[in-house]
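S.K.: Fit chains B, C and D to the given chain A structure using the hints.
Number of protein chains: 4
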Amino acid sequence: MKSSIGKNVTLTLYGESHGPAIGIIIDGLPAGIAIDHDFILNKLEKRKAKGKISTQRHEADEFKIISGVFNGFTCGTPLHIMIENTSTRSHDYHPELIRPSHADYVAHMKYHGFEDYRGGGHFSGRLTAPIVAAGAIALDILKKKGILIGTHIAQCQDLKDRNWQDLEKDIETCNSLEFSVLDEKVRQDMIDHIEKTALEKDSVGGILESCILHLPIGIGEPFFHSLESQLSAYLFSIPAVKGVEFGLGFDFVHYKGSEVNDAWQIDHGIISTMSNHNGGINGGISNGMPIIIKTIIKPTASIFKTQHTVNLKTMENDELTLQGRHDPAIFHRARVVVDSMIALALLDLCAEKYGTDWMRL
Amino acid sequence: MKSSIGKNVTLTLYGESHGPAIGIIIDGLPAGIAIDHDFILNKLEKRKAKGKISTQRHEADEFKIISGVFNGFTCGTPLHIMIENTSTRSHDYHPELIRPSHADYVAHMKYHGFEDYRGGGHFSGRLTAPIVAAGAIALDILKKKGILIGTHIAQCQDLKDRNWQDLEKDIETCNSLEFSVLDEKVRQDMIDHIEKTALEKDSVGGILESCILHLPIGIGEPFFHSLESQLSAYLFSIPAVKGVEFGLGFDFVHYKGSEVNDAWQIDHGIISTMSNHNGGINGGISNGMPIIIKTIIKPTASIFKTQHTVNLKTMENDELTLQGRHDPAIFHRARVVVDSMIALALLDLCAEKYGTDWMRL
Amino acid sequence: MKSSIGKNVTLTLYGESHGPAIGIIIDGLPAGIAIDHDFILNKLEKRKAKGKISTQRHEADEFKIISGVFNGFTCGTPLHIMIENTSTRSHDYHPELIRPSHADYVAHMKYHGFEDYRGGGHFSGRLTAPIVAAGAIALDILKKKGILIGTHIAQCQDLKDRNWQDLEKDIETCNSLEFSVLDEKVRQDMIDHIEKTALEKDSVGGILESCILHLPIGIGEPFFHSLESQLSAYLFSIPAVKGVEFGLGFDFVHYKGSEVNDAWQIDHGIISTMSNHNGGINGGISNGMPIIIKTIIKPTASIFKTQHTVNLKTMENDELTLQGRHDPAIFHRARVVVDSMIALALLDLCAEKYGTDWMRL
Amino acid sequence: MKSSIGKNVTLTLYGESHGPAIGIIIDGLPAGIAIDHDFILNKLEKRKAKGKISTQRHEADEFKIISGVFNGFTCGTPLHIMIENTSTRSHDYHPELIRPSHADYVAHMKYHGFEDYRGGGHFSGRLTAPIVAAGAIALDILKKKGILIGTHIAQCQDLKDRNWQDLEKDIETCNSLEFSVLDEKVRQDMIDHIEKTALEKDSVGGILESCILHLPIGIGEPFFHSLESQLSAYLFSIPAVKGVEFGLGFDFVHYKGSEVNDAWQIDHGIISTMSNHNGGINGGISNGMPIIIKTIIKPTASIFKTQHTVNLKTMENDELTLQGRHDPAIFHRARVVVDSMIALALLDLCAEKYGTDWMRL
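Chains as they are written, first to last, in my numbering: chain A, 2 to 362; chain B, 2 to 362; chain C, 2 to 362; chain D, 2 to 362.
Just chain A, with the same shape it has in the complex (with noise of 0.2 Å):
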């Protein structure tokens, strides 16, 4: 169960950044469901790296369905998503010299130094890219059963998106666009701040806020099986996430008790809170209200500026001066892999207390 998660609906993620395929299997899917080609690619192309803030690695992505599903319907079986690689460039990497917050090291202690090292090994981010197809499919049960995600970037350095303000046009508007600011003139000074970052060699970081509305009341379970401990567990697996909080999350330090209780109301038979600075969750429950997620994506590792570093032969200090390609950015890009992880955690939940014949109904 190391690279396996999910109780319900398992996913298992494979794969090495220079071998010869990366790829998904998700088990628990029942048989029935109609496959959206073209949804996938659409979030798989949203992950993309593109233009001046993204690597010049451009792979294809093309992903190919190799089991569980026949004539456009899934089959019941493990659905296997498998995406071939086809742009390696291994000599862009220097094995020898440990690439500062990268997990050269930690992989090289590991794995006792029989590491594949090449493009980052298992450890890249493109194994992403298998998640995002798999996240795809997830999102769209989900919302067939009117379950709505979406993310913005809510900050990058000092540059702030506007507040959710529509929550259902907003989340629309965040799945639309390629860049998900929803404020038109931040989103262009974000992208522009993320070129000037370029230039200079250097990277960036950014905050997401994710929305889940819809989500039924009852998701979630006391204590080990929190809503916060399975969405958590899910996002902190995708590289350079480093923070995740619920509602108001660190802020809260700021409040008292009479400031931030979600008071309770009912209006025509329903029941409500007056704020949600919980985010939708009480008790590790949902509780009706919309789910609101912060998620920190660091700055990414890999920058043009020389850093000081050990060489693993030598066993010196010495300097690395990255060559190859590389994201000045990559939040931008994480937002779908966001998406995909909620997606995927949401389906496994609702699975357990429906079961998962659920979701072709």
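Simulated from the structure, these hints should not be mistaken for lab results.
Predicted model only: the values in this text are computed from it and were never measured.
Warning: the hint list may mix true and false statements.
Since the list gives no way to pick one copy over another, a pair counts as held whenever it fits inside one copy or between any two copies.
As the list claims (entries may be wrong) - Taking lysine to aspartate or glutamate and the EDC-like style, the derived pairs with C-alpha atoms no more than 16 Å apart in a straight line are:
1) K65 to E85
2) K8 to D349
3) K49 to E179
4) K257 to E169
5) K314 to D268
6) K146 to E169
7) K186 to E173
M.R.: Chains B, C and D in isolation, oriented as in the chain A frame:
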């Protein structure tokens, strides 16, 4: 697997606040580990409500070991710790008035009206007592392996503790303190602030900062079982935790890659990072540096101010003025729960790498 | 996950024969299920030692529900059933003399000498009492869903019960009988044979044949979680079970495919098989026919004849003549344990397909 | 977790008989294990259909390692073995006529008519090829640890192989034989019998007897994860297995406790049993003696005789005369599948006790 967590060292939690008993089962400890009752009591004592800054419900918290220990040593079979409920005043709660920011409403909906509402039932913070008892055993085992864990209260509203300095000594200080603030003056200010908040019938929250020292390199897995995923799943199991971050966490948003990358250095054959912005974790795996985790505990939901709510019987808007025994702050008590959850998560991960027998050798 | 089993309905077993208590936690039952104490007592009664054909250790087996039930209904949280140990005569056992075909020696080696050897410790057949209590709840839930389970003693040495005839009626008969043999004469012969064996200070085993009626089509998964895999994992958890087979089982060796293939037929729109040699399972999945399972319970290992053994203290060959209270046969008591394990396995599998809420609707 | 099994060494199986590929992912192998391609091929070869006693579908079974191996050694990440489907003749099957004793009907019902029916889809015996490839790796690792596994065909109809004699030598013989019968004459008789059965358009089954040698004491857990539970769960995952027994198994019914208890003896400090009726397992845990397992493989369901069936399109009784390529017996091919499943189950259990790094040291 709703109330169980852990693959190699599995925890199962049960009990309701006003039922006969609450408890936890720890499964996976090898035989031959000495159980230190005093150490468990010491940790339970730190979790206990005390003085003006805590609830006036004083439970004896006398734990009994029902199974798994023979002649003072683990005997290899499931270790069951039970705490009987003695001080239960069920009339304090009005189940028809759902408490803001509590689990009353979600429990009512999730359990179709069959929930044990007395004292919060299974959602009571009291359930963290057996977690602390189990955590004490884990902390003790890890300590014998040289792995140290400590947590200080980093912030409560504007009051901030000093940063970590001498980690080993600071951790020891944390573990000896009743109210775990390293700076003596800030400690008293915080206590005063909580007392003042209590008089205002209000509550406050706080940020806890934990440090894990001497964790071996290589703990955690890429992606789904990253060290961050595992730790956050345990930490978000604690009621009132609404955010978890590692290293710089959300502060990463303010920096460029070149400012926060942790460059490598070697000294006398020992490889380490020159900074520790990643909090000791690269690619989801421990890198040998101290693991730094921040956790936000939101202000206690139970306040004595009158709040808006809904009456589930009349299905009308209503008001609630809580009676009974409540804490104006719980973060200082939650501190040992955080330590416990970290220790239990790490024990599980270490057992995966080294086998369960490792714990006793 | 050493002492836990089940994905949706999870069992966790704990306790030692001569410790303060033994028990089980059932996690995953939805709220709102009526708990029938008398039905549980009835099943525990059937498991109890009685008359000349059983041990003279008479435990009260008074179970207490510690959590998870409120006002007579499940409240959705872990259901903990505890049975206190009252009749413990620890001096009956000589831990230095390892009992043949018992777990004394493996426990000694596995637990490095720290095992609780008193009364067999965790290996005691007594641990099946909480399993039966949990099983009673599962049997009750399934029965309300129309799924019936019954087990008769098919064979003890040369004595063979008649085959199943009217399945629904036979299952009812089994469940009402103290000693579950359908043929009245064979029943008395078997009881006489056990009594005679007891006088000879010896023991016998038996084959139990179980039938599951009205299990919906489609339960079980291909390969790793086949219905046979799941059921056998639960059944082999019962001490003394050394074989499990489905349908014809090992007798398949005597036949050709044309003799034992189960041809399909349709009658008034209902598809069924003309024979049931596969015991209601094709490709690991229930096919709508009765599920037929055979389980062998070996002769009780505790006999009063003097046996060769090794003295762990002197590390020399020695002899052992058991004293104390032992059963000359346990298969008639194991019958309700088998029913319980089957019901618990099925509940888990049904919850996977239909969701946990299915149980209460 | 429908198509995955194993806690420490996790298998995930995917693929349909006539889809692009089938495969397996093994997760949990430590880095640094040499992968012996020839050994894997050797095992796949033994599983292959050959001669007159097997189907005429001849797959190349050319496996590709897609991930997890770098420069000939495991690199610590999920090891993905893929076998492309090349010889698919989809027109051989008439999906509207459900084949007796096959999974056609249950698949149709479970998957709501969306099943991939071509060549049995996911239920095809072909899926055992990747299991054998994974099993070969497990067998190789265990062998280097001194743990030997071998299986002979104990019985086919009235033809019985001789009993085990020199276990170490017999296991070696089994592993070198194409048709694993120890007695040369019985071997030829059995092959003749299968050929004769084939001419009669019929099929036969057989009993396989496996032996595990030098498994350390202490593997397996009491109750739910007993060695019998674990092994049987894996063995019943093999299509056509309808019974599993340990030691005397169902034959225990014929004996008294005094006849079949395994008395202990000590010789030069080594404790062993004087007999091995329990097949090396006491209380669910290995006791150091050879583990003896019997598995029944039922007669192949695919026979060329005309059979009664139902037409799913017309929903009327009909007849089926199979065309295509089928085996008159599969137990001789299933033998390496049994070896593989045993090895994979043991690897998981050993990793639990010793940690995953144990495999490479």
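S.K.: For each hint, tell me whether it holds in the structure or not.
M.R.: Status of each hint after checking the structure:
1. In the homo-oligomer, the alpha carbons of K65 and E85 lie at most 16 Å apart both inside one protomer (8 Å) and across protomers (13 Å), since each shortest distance falls under that limit.
2. Both within a single protomer and between protomers do K8 and D349 lie at most 16 Å apart by alpha-carbon distance, with minima of 7 Å and 12 Å respectively.
3. Within a single copy, K49 and E179 get their C-alpha atoms as close as 10 Å, which meets the 16 Å cut-off; across copies the closest is 51 Å, which misses it.
4. Within a single copy, K257 and E169 get their C-alpha atoms no closer than 30 Å, and across copies no closer than 33 Å, so neither meets the 16 Å cut-off.
5. For the homomeric pair K314 and D268, the shortest alpha-carbon distance between copies (15 Å) is at most 16 Å, but the shortest distance inside one copy (69 Å) is not.
6. Proximity of K146 to E169 under the C-alpha cut-off of 16 Å is restricted to the intra-copy arrangement: shortest distance 15 Å within a copy versus 41 Å between copies.
7. For the identical chains of this complex, K186 and E173 are neighbours neither inside a copy (19 Å) nor across copies (51 Å), given an alpha-carbon limit of 16 Å.
Violation of the numbered hints given earlier is confined to hints 4 and 7; the remaining hints are satisfied by the structure.
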